[in-house]
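Participant: Given next are the chains, with one letter for each unit.
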Amino acid sequence: MTEPCLKVSDLHVMYDLGSNGFGKRKRLHAVNGASFEIAAGETLGLVGESGSGKSTIGLSIMRLIEPWSGKVTLGGTDVTGVGRKDVRTLRRRMQMVFQDPYSSLNPSMTVEQLLEEPLIIHRDLPKAERSAMVGQMLESVGLHAGYAVRYPHEFSGGQRQRIAIARAMILHPELVVLDEPVSALDVSTQSQILNLLKAIQAGSGTAFLLVAHDLAVVRLMSPNVAVMYLGEIVEAGPSGRVYDAPAHPYTAALISAVPFPDPERQRTATRIILKGDLPSPLNPPSGCRFRTRCPFAMEICAKETPPAVPVEGGGTAACHLHAHGPKLAGRSLMPFIKERLAGG
Amino acid sequence: MSDNTPLLDIKGLTVQYPSPAGWLTVVDNVSFSVGRNDIVCVVGESGSGKSVTTQAAVGLVQPKGGRVTAGSVMFDGQELIGASNRTLNRIRGDSIGFIFQEPMSSLNPAYTVGEQIAEVVRRHRGASRADAWKQAVAALDRVHIASAATRAHAYPHQFSGGMRQRVMIAMAIACGPKLLIADEPTTALDVTIQARILEVLKELQRELGMSVLFITHDLGVVAEIARSVVVMYGAQVVESAPADQLFAAPRHPYTAGLLEAMPQVALERGHDPIAIPGTVAQAHAWPKGCRFNPRCVHRQDGPCTGEPVPLVPDGGGLVRCARAGEWQQGVAAR
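Top to bottom, those sequences are chains A and B. Numbering follows numbering that gives the first Met the number 0, with no gaps: position 222 of the first sequence is 221. Numbering follows numbering that gives the first Met the number 0, with no gaps: position 268 of the second sequence is 267.
Please note: incorrect hints may appear among the correct ones.
Reference excerpt, derived from the structure (chain B facing chain A, CB under 7 Å, subset only) [said to hold, decoys possible]:
| id | residue |
| --- | --- |
| 1 | E44 |
| 2 | G161 |
| 3 | E223 |
| 4 | F246 |
| 5 | A248 |
| 6 | Q263 |
| 7 | I275 |
No lab work stands behind these hints, which were simulated from the structure alone. Even for Gly, the Cβ is constructed at its ideal location relative to N, Cα and C.
Can you make the complete structure from the sequences, with help from the hints?
Facilitator: Next comes the structure, spelled out in structure tokens:
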């Protein structure tokens with residue numbers, strides 16, 4: 000097997016919330032043992048709601064947040080083990096695009112300066128060559144090369160996100176972490192950016208880690224997806240399988256909650272409405288973290304953490320329903336859910 | 000009032016805001032109505048004028064420096080444009096309830112949620128403290144806040160985002176309004192929480208027999224909740240129709256474009272989303288003719304780029320397109 004572009008093993012991230020004054024330090028376990036791989040040139044979608052830890056994973060892969068434990072390798076190079084200085088050279092190989100193109104671009108720099116900066120830091124090139132690369136890069140994200148002299152405020156949100164993508168891509172990185180790249184944009188411009196990202200990936204062979212809350216965006220962009228809940232990956236696998244035959248109740252609820260733009264279909268859709276709210280990550284539920292909102296919670300769910308079991312059609316799901324209760328043994332949850340909902 | 004007059008009837012509403020370049024028209028001759036027992040969605044992107052339209056209808060643009068230059072808003076037989084602040088204050092919060100996108104900034108952090116809801120009831124209904132408190136608890140119960148009697152004593156920061164939005168809904172419905180105006184009430188919430196809020200809103204609408212004017216940018220949410228839909232672009236209504244009809248056969252290229260740009264729809268049809276080219280039209284430079292024409296794949300020089308395009312009846316709805324009923328053939332031929 001060839002080396003994956005990105006390999007994440009048992010990643011834990013803690014946020015230190017300081018001492019309570021009696022010497023006991025409070026820590027928030029934001030990511031609790033995440034493992035996944037991304038093949039070269041592929042996209043993995045990391046989907047979840049606010050507080051699920053999906054953005055934290057992206058940031059800690061980039062070492063913008065220091066992981067607590069676990070290992071991240073980029074094309075075989077250890078990312079977690081290197082010193083802070085060496086991280087900088089690694090950034091040539093991995094870049095990031097943030098959600099808000101209004102705050103991620105320095106307003107006092109021209110587009111040329113913004114795109115040139117990574118080249119100045121990481122490559123030793125004469126000015127003329129740098130300018131040529133900036134022009135080419137702008138064209139490849141659908142902007143005129145002449146825009147190089149302008150400032151970020153002269154652009155719309157969608158155009159700014161193009162600039163942010165150009166800045167991330169100009170060093171031809173192996174991996175780009177896309178953190179909610181379209182959620183700040185208007186609906187009509189979102190799909191422009193999604194199509195652009197697909198085209199760029201087809202041309203460059205860059206792998207993407209796409210962090211997003213929008214399930215449709217993730218499915219459209221990623222052949223593989225990982226679903227997060229309260230700091231843990233609860234289900235992962237090929238997108239088609241995960242979306243059409245979810246094996247974890249949270250995945251099923253998440254998919255059923257997204258309204259489809261067709262009133263007829265909405266009236267007849269199977270809906271799993273979750274009770275309650277996301278529990279505090281400072282004090283997560285025992286056993287399965289989803290059990291407090293799960294419509295199918297059993298006794299064992301409070302006692303034991305469910306192991307990730309293989310699922311028919313690919314991937315894994317961490318849910319007791321597969322070994323206990325209906326003993327689904329890796330099958331889709333949907334027939335079981337429909338039966339339960341029909342039975343009241 | 001007879002029951003077939005609309006509850007809210009907006010006619011020719013025009014709103015301007017000041018800018019360094021002079022007054023900008025951000026709502027341009029907007030007309031639509033909300034019937035009794037009705038759910039109407041106004042859908043549009045940022046800058047379409049959807050929020051300002053409803054704010055202007057209830058006298059909330061003047062305090063922000065804007066002005067209503069034309070139009071009429073009849074609510075339950077009463078003209079709201081030009082009505083005194085006293086009249087508007089009596090109506091707002093009583094027969095018209097509001098919920099907004101950010102529940103935290105709409106709630107006072109220094110008072111318990113029970114006190115805040117009871118305050119609304121006391122002010123509008125002249126209820127005694129004890130009665131108002133009872134009604135506040137009942138309202139919290141209606142929006143499915145568990146153990147409402149206890150939770151009424153809690154402060155806003157002790158609630159999660161989704162629960163705060165339910166508290167806002169409780170406050171909005173505490174006086175039994177005839178109309179609930181909901182401005183992007185689920186945009187800041189996660190999808191599973193959004194699903195619950197929409198359920199609660201639909202249930203309340205049915206049980207209380209009120210009407211809902213729902214403002215959103217999300218066509219999925221529209222399909223979930225709307226009976227009829229008003230689509231706005233560039234400060235104007237570009238299409239309005241019953242929800243089923245609008246989704247089955249959109250009559251404006253912008254509506255069709257918004258649907259085709261949605262990743263969900265693209266996935267369903269098995270191709271990449273079809274993006275609408277260009278960027279959203281802005282108030283300081285409305286395009287000539289049809290305001291959508293620079294982005295429209297069906298544009299024809301002349302009819303689309305010359306005179307302003309009127310809103311005309313088409314099928315069971317209204318459409319503002321110079322090539323209405325004609326551009327669809329172009330799509331079929333593709």
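Participant: Each hint needs a verdict: does it hold in this structure or not?
Facilitator: Status of each hint after checking the structure:
With 7 Å as the threshold, the beta carbon of E44/B comes within range of chain A, its nearest partner Cβ sitting at about 4 Å, so the hint holds. For G161/B, the shortest C-beta to C-beta distance to chain A is roughly 6 Å, which falls under 7 Å, so the interface hint holds. About 4 Å separates the beta-carbon of E223/B from the nearest beta-carbon of chain A, less than 7 Å, and the hint is met. Annotation: F246/B was flagged as interfacial toward chain A, and the flag holds, the nearest CB pair being 5 Å apart, inside 7 Å.
The criterion of a C-beta within 7 Å of any C-beta in chain A is not met by A248/B, whose closest approach is roughly 12 Å, and the hint is violated. Checking Q263/B against chain A by beta carbon gives a least distance of about 4 Å; that is within 7 Å, so the hint holds. With a least beta-carbon distance of about 4 Å to chain A, the hint placing I275/B at the interface is held under the 7 Å criterion.
Hint compliance for this structure: hint 5 is the single one not met.
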